[in-house]
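Just so you know, the protein sequences line up as chains A and B, in that order.
Heads up: the first sequence begins at 1 in my numbering, then just goes up one per residue.
Heads up: the second sequence begins at 1 in my numbering, then just goes up one per residue.
If you're looking for bench data, these hints aren't it; they were derived computationally from the structure.
This one's a predicted model, so the numbers in the text were calculated from it and none came from an experiment.
Errors might be hidden in some of the hints.
[Claimed, not checked] In silico DSSO-like cross-links for lysine-lysine, where the CA-CA straight-line distance does not exceed 30 Å: (1) B:Lys130 x A:Lys282; (2) B:Lys282 x A:Lys130; (3) A:Lys343 x A:Lys31; (4) B:Lys282 x A:Lys282; (5) A:Lys282 x B:Lys31; (6) B:Lys230 x B:Lys343; (7) A:Lys343 x B:Lys343.
[What the hints assert, rightly or not] Pulled from the structure, derived: some chain A residues nowhere near chain B, Cβ distances all over 10 Å: (8) Glu91; (9) Val171; (10) Asp173.
Beta carbons are placed, not taken as given, at the ideal position from N, Cα and C, and that holds for glycine.
Number of protein chains: 2
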Amino acid sequence: MTFDALTRDQIQSLLDEQNAAYRTLQDAGLKLDLTRGKPSPEQLDLSNDLLALPGDDFVDASGIDTRNYGGLTGLLELREIFAPIMQVPVEQVVAGDNASLAMMHDSLVFALFHGTPDSERPWGQEDAVKFICPAPGYDRHFHLLEEYGIEMIPVALHDDGPDLATVRELVKDPEVKGMWLVPTYGNPTGSVVSEAVAAELAAMETAAPDFRILWDNAYAVHHLTEQQTKTADILGLCVASGHPNRPVIFASTSKITFAGSGVCFMGSSADNVAWYLSHLGKRTIGPDKVNQLRHSRWLRSTEGVHALMDRHRAILAPKFEAVAEILRTRLAEHGIASWTEPKGGYFVSLDVPDGTASRVIELAGAAGVAMTPAGAAFPYGDDPRDRNIRIAPSYPSPDELATAIEVLSTCVLIAAAEQSLAQ
Amino acid sequence: MTFDALTRDQIQSLLDEQNAAYRTLQDAGLKLDLTRGKPSPEQLDLSNDLLALPGDDFVDASGIDTRNYGGLTGLLELREIFAPIMQVPVEQVVAGDNASLAMMHDSLVFALFHGTPDSERPWGQEDAVKFICPAPGYDRHFHLLEEYGIEMIPVALHDDGPDLATVRELVKDPEVKGMWLVPTYGNPTGSVVSEAVAAELAAMETAAPDFRILWDNAYAVHHLTEQQTKTADILGLCVASGHPNRPVIFASTSKITFAGSGVCFMGSSADNVAWYLSHLGKRTIGPDKVNQLRHSRWLRSTEGVHALMDRHRAILAPKFEAVAEILRTRLAEHGIASWTEPKGGYFVSLDVPDGTASRVIELAGAAGVAMTPAGAAFPYGDDPRDRNIRIAPSYPSPDELATAIEVLSTCVLIAAAEQSLAQ
Chain A
1 MTFDALTRDQ
11 IQSLLDEQNA
21 AYRTLQDAGL
31 KLDLTRGKPS
41 PEQLDLSNDL
51 LALPGDDFVD
61 ASGIDTRNYG
71 GLTGLLELRE
81 IFAPIMQVPV
91 EQVVAGDNAS
101 LAMMHDSLVF
111 ALFHGTPDSE
121 RPWGQEDAVK
131 FICPAPGYDR
141 HFHLLEEYGI
151 EMIPVALHDD
161 GPDLATVREL
171 VKDPEVKGMW
181 LVPTYGNPTG
191 SVVSEAVAAE
201 LAAMETAAPD
211 FRILWDNAYA
221 VHHLTEQQTK
231 TADILGLCVA
241 SGHPNRPVIF
251 ASTSKITFAG
261 SGVCFMGSSA
271 DNVAWYLSHL
281 GKRTIGPDKV
291 NQLRHSRWLR
301 STEGVHALMD
311 RHRAILAPKF
321 EAVAEILRTR
331 LAEHGIASWT
341 EPKGGYFVSL
351 DVPDGTASRV
361 IELAGAAGVA
371 MTPAGAAFPY
381 GDDPRDRNIR
391 IAPSYPSPDE
401 LATAIEVLST
411 CVLIAAAEQS
421 LAQ
Chain B
1 MTFDALTRDQ
11 IQSLLDEQNA
21 AYRTLQDAGL
31 KLDLTRGKPS
41 PEQLDLSNDL
51 LALPGDDFVD
61 ASGIDTRNYG
71 GLTGLLELRE
81 IFAPIMQVPV
91 EQVVAGDNAS
101 LAMMHDSLVF
111 ALFHGTPDSE
121 RPWGQEDAVK
131 FICPAPGYDR
141 HFHLLEEYGI
151 EMIPVALHDD
161 GPDLATVREL
171 VKDPEVKGMW
181 LVPTYGNPTG
191 SVVSEAVAAE
201 LAAMETAAPD
211 FRILWDNAYA
221 VHHLTEQQTK
231 TADILGLCVA
241 SGHPNRPVIF
251 ASTSKITFAG
261 SGVCFMGSSA
271 DNVAWYLSHL
281 GKRTIGPDKV
291 NQLRHSRWLR
301 STEGVHALMD
311 RHRAILAPKF
321 EAVAEILRTR
331 LAEHGIASWT
341 EPKGGYFVSL
351 DVPDGTASRV
361 IELAGAAGVA
371 MTPAGAAFPY
381 GDDPRDRNIR
391 IAPSYPSPDE
401 LATAIEVLST
411 CVLIAAAEQS
421 LAQ
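Next up, chain A with everything else stripped away, as it sits in the complex (with noise of 0.2 Å):
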């Protein structure tokens, strides 16, 4: 039964098993940690054939020695392979070192000191610069603008993309200088930017002439279903409509190969990736191009990717069943929560009773079950209704994991329960 259709003590005599139950959890000493988007060890170790690559070959197809200095925008036969993916021509597609958040730090950085192509300054002698983020979103976004001072301006996040038009309200602003999306099985929500959303915010004026969509396909292979999504062709799409500079599009290998040792790209218009390239040849010589080679050798082509994918699917999906299965069973019935199956990706975000989002978290916390802070998902930590919560499902073993959420739902029936008895 739903909690309105309760009375006083139903919710109290619910409340009072509940609390035993988790007492009995807290006697367990549990330690379980659903914090982090991490790969699980079975995940790695899909690609542990990469741990003893290159091996004796260390020339690239084109005739690289990748053990000395050089080659900026990384190897050829690398970025080939993530081209199709990323959906931008292999010439302007770069190719880093570990981590995508850094190509988007330093794009912010260069950014903010010199401007883009189209700026007429730089961002950072403006009076404000301003960010759109669609929320709940990836905190790391977040936490990368606020570092530098960017203001963010939180958007509601639809099932297939921002909200339009509190977005063409907002970019009236010439302050408002870009926005962030994750396209594809956005974090943490797992929607997906669809076709006719992506045009829109291909084709909208904006009264900042150098507005740009940073589009962080981090889940673009990362299929939870048989339904392989197709990202929106972002790129084509902006390029159609007057505006090639306006989208960059990052992705990475953290989640296909190794989280602490992939590789990652940047794509965009041939003028911006000629500026990003410039400004990067003064931070450094070029990529770890013995890990690129790794990785090429090891996957070998685009089809090796999605082959790749496919095994991490058969390890992942499962455990978002899961995940499903006990929210279902614990919480369905009464009516006070509600959470995403999401598609792809690597989170399923539950939304709780509006202002009970801390408390689930702290009592989580309290019996071993670490979480993402309350309001993480949400520019400045800030979630309006405090209510809703990541989980991040892929690192736990199924057992743990199963454990985790039966707490988790515990934790989300005391607050509920806790609430309606003190209204």
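Position chain B against the provided structure of chain A, taking the given hints into account.
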């Protein structure tokens, strides 16, 4: 005979002779490159064992699965190997990816945006930021400062370090926020900052409370003779003088293992390291830990690094000897040029008659020998005397190197004779 002792006719006859030799060289269709301090393939081969490491065992000595996310500071077991070389306590050493230049870049960016722990405001909010640049120096250091609008003040570099009287005068200006130094076997002169000079730099009062010495110890263990010069202990000296936050020390394995796939290091005071990590953590979740593990397994210990460097020396020292021998044979008698015979590092610095370096490099280029552009070793690419030429002997084979230095010598003689006759 020196040029001074020659008649005009004798100089003309020497010029004719060298021009004839030059035309023959031009006809040979050479394509040689002395521009960059790149390790030769033979040197890279020394570390080929890295190419199949770490193999099956991806867990570091402290139990970390290096394949996964995390570990911003870098692997302890690798930092332990390099801490003694950097003369910094291991807790104050950060290990990064394949480019120490990137760590220097990021340190500057963080100071510009946020200020250092000792800054009253971000450097970027000062009316001007100036850096002392001992010259000749490393061109990429200067390009970094130029990239971020930091004013460069060249200071003469002596055999034992920068000219102290000038430095002492300059640091009375609060806008002078720092200085570059390559303390050991400086690029390109091979100069070594003496303990006495380092002590003065550590102790001197500076108007800026946040004055920084960017101590790029790129050639710390890169000896060319039996005499293993020990770098001055800049951190110890600064601590003793009450300026613990003054030095920021950098190193890398670019010229120890693989230039295109090494690891790099940053070390400083505990405060500076905490500051650096706090900002770095917004840019990345961690460095490539598998590559760090690969390096710690292959190098094994600080002694392992020194043993490897002995093998580099066996390849490099004969090349430096050949350069000195040819320059001596071709140029010494004319008294028109001087050059360094460094005890370590990667470069020979050649000074030709004032006003002729550009002409020498132009002539060499037209004969198929690429040299670093004239002035490259000076801030803004401006060698006020147009006399300095940087020679990088490491990459070419011994035969190619000998040919290139013969060509260069011919060009030096031609340019000197032309100038002499034009006066």
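Structure-based check of all given hints:
no.: 1; hint: B:Lys130 x A:Lys282; in the structure: holds, 18 Å
no.: 2; hint: B:Lys282 x A:Lys130; in the structure: holds, 18 Å
no.: 3; hint: A:Lys343 x A:Lys31; in the structure: holds, 28 Å
no.: 4; hint: B:Lys282 x A:Lys282; in the structure: holds, 20 Å
no.: 5; hint: A:Lys282 x B:Lys31; in the structure: holds, 27 Å
no.: 6; hint: B:Lys230 x B:Lys343; in the structure: holds, 12 Å
no.: 7; hint: A:Lys343 x B:Lys343; in the structure: violated, 62 Å
no.: 8; hint: Glu91; in the structure: holds, 21 Å
no.: 9; hint: Val171; in the structure: holds, 26 Å
no.: 10; hint: Asp173; in the structure: holds, 23 Å
The structure shown violates just one earlier hint, number 7.
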